[in-house]
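**Student:** Modelling step: build the complete structure from the supplied sequences, incorporating the hints.
Protein chains: 2
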Amino acid sequence: MPEREVPSRPIWMKPDEAVVQIIDQRKLPGELAVVDLESVDEVVSAIYELMVRGAPLIGVTGAYGLYIAARNAPEDFPSDDYLAREALRIKAARPTAVNLAWAVDRTLAVILEEKTAGGRVDAARSEAAAIAEEEAENSRNIGRHGLALLREISSKKGGGPVNILTHCNAGRLACIELGTATAPIYAAHQKGIDIHVWVDETRPLHQGSRLTAWELGMENVPHTVIVDNTGGHLMQHGMVDIVIVGSDRSTLTGDVANKIGTYLKALAARDNDVPFYVALPSSTFDRQIRDGVADIPIELRDPDEVRYMPGVEKTDGNLLVPKDSPAANYAFDVTPARLVTGFITERGVCPAEEAAIRRILAEKS
Amino acid sequence: MPEREVPSRPIWMKPDEAVVQIIDQRKLPGELAVVDLESVDEVVSAIYELMVRGAPLIGVTGAYGLYIAARNAPEDFPSDDYLAREALRIKAARPTAVNLAWAVDRTLAVILEEKTAGGRVDAARSEAAAIAEEEAENSRNIGRHGLALLREISSKKGGGPVNILTHCNAGRLACIELGTATAPIYAAHQKGIDIHVWVDETRPLHQGSRLTAWELGMENVPHTVIVDNTGGHLMQHGMVDIVIVGSDRSTLTGDVANKIGTYLKALAARDNDVPFYVALPSSTFDRQIRDGVADIPIELRDPDEVRYMPGVEKTDGNLLVPKDSPAANYAFDVTPARLVTGFITERGVCPAEEAAIRRILAEKS
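Sequence lines, in order, name chains A and B.
Here the first sequence stands for residues 0 to 364, where the numbers follow numbering that gives the first Met the number 0.
Here the second sequence stands for residues 0 to 364, where the numbers follow numbering that gives the first Met the number 0.
Keep in mind the hints are simulated off the structure, nothing from the lab.
Honestly, I wouldn't trust all of these hints.
Copies of one chain are not kept apart here, so a pair can be met inside one copy or by any two copies together.
Derived pair list, reagent style DSS-like, types lysine-lysine, alpha-carbon separation capped at 27 Å [claimed, not checked]:
(1) K190 with K313
(2) K26 with K322
(3) K190 with K114
(4) K26 with K313
(5) K26 with K155
(6) K90 with K155
(7) K156 with K322
(8) K156 with K90
(9) K90 with K114
(10) K114 with K313
**Tutor:** Listed below in structure tokens is the structure:
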């Protein structure tokens, strides 16, 4: 556990200075490293290299990226063309999460309304900050709605902890506050509901064992780390009461893109009658794609993330595979709507059915 | 790749000496270390510590363990009581694989027929060697029967490689020759059938990425290592034609205990109409247990196998989890018969139905 004070958010503006700062999440839990983002190149690299990750957080980071672009404009005035080009560059950093494109496009639209250099810089900064505040508020509301589900399971169970399984990190490190999948967990813990979290380690980059376990430990939430292979066995033996995961992009038809391996847990949940919920802000819904399995782009990352353990030097001694063996590194998979019990959004809980999803998205929060 | 010559089997008697030798599989693929087994303590530890692993191989190792017990008898004569106690100790080294108990019990029964010290030692040694030869023959026959399945898929597909997914190592390192799940793969490769193997890395101990990929590479079989989370995504996208795994214990009702995570792949195979086969010698069938999910004992191993990277020193810097986070390490899971397309045994291929399994086990090979 790092000794320095842990920032309350994974991205923020340094007080009294125009500098965007993030936690380099690749180094957690061993080291709490704070990094300044001062150029669009640094923003793109922070997103691609997973210093920041998680759908809501990369959306906010992308929005701040446009602020940095506006501030660094080469001709003193950030022109429409220049900003559009920088926006494209930021959006290309990761293809699967829809929040990145959503937040960048939204911020760009607001900036282009302004006609002065100062106006554009200020508009970008305040829009990015507004998105961050909205995501924080979303997480609080996701927590509130998810809490009701956990409370119901707890009282039905009448004793013993509610066992929640989660995959990857859809925690406060992936969001701005509280997380998406973890928001109901923190809410329940705060209310004194007896809970225990099975944390999938989440190969290859261990966002579960490195980040989710770290977050939960900081809040004293009882948890146990497991390899990703384990969830099916636990569900067969009644050791999981509910699965809650986040999402990088979901369709209005209810298909869910999330970290690779999520689909396998959804299959096991269905096979064992365990409810499988997806917690996400409405900004994670893609309004265009209808068939998630066929059409959501799945990021194929560097095979060396599979071939080496995370955070080690790439030496032969650190290889997890024979030197000449190739590896493939698909970062996400898509869980079809038929396996999803429901969505926990900031506007309430709904089943994974198009009519219900459209209804809840049309409502004001 | 080690430079010394690779032994053709993972266990053998050193020529002209009464020493049992094994490959320490924990050190592969980085190092090819040969270890002498000279006491029952060393045999138990080699099995528990996974220097040797895989159902057929730990059976043979257990049988040689009784030979070592007989040879080391404290009173110059290996009494019935002494041998029975040593047999129990060896069988307790790992609880899930049924071959260990089967091979030890079979060897013990043969030894007890002999009434002289020399007779008992010789009987133990020759029974262990006989079991090894039978397992080698089993693998050859499993390869022959499985080859027909792969040939059929290849001709139906009419172009492009047959994509086989396998989990853990049910290869020649787990057996005596050729393997179980890998025997059809080697047979097809030798016949010039175009194949490609997706190798699940198999957390926490990476038997897939360390051992299966190494074996396949030595034989120039095209393969790609993936994290265990990936199989579902591949199957959704038509990139897997057949799953073949081994088994540590299967019931006559068709339930299959195998390395943790196998059940998740079986669920994905069923969800995507991909045939799911289990390759095993008939010695892996448990004649007593009928409900595999409820009654096959599942080994719970040291949580540090999950908490640290494999094969490294247990220092804080090598932790994969926060220092205070607990982990759980279930080593196997059970795939219910309803998800198994069929068994590939040394006696032929059969569906996962009790009548068919009993029929095939009753046949002479």
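**Student:** Please name the hints from earlier in the document that this structure breaks, with their numbers sorted from lowest to highest.
**Tutor:** Those not satisfied are hints 1, 3, 5, 6, 7, 8, 10.
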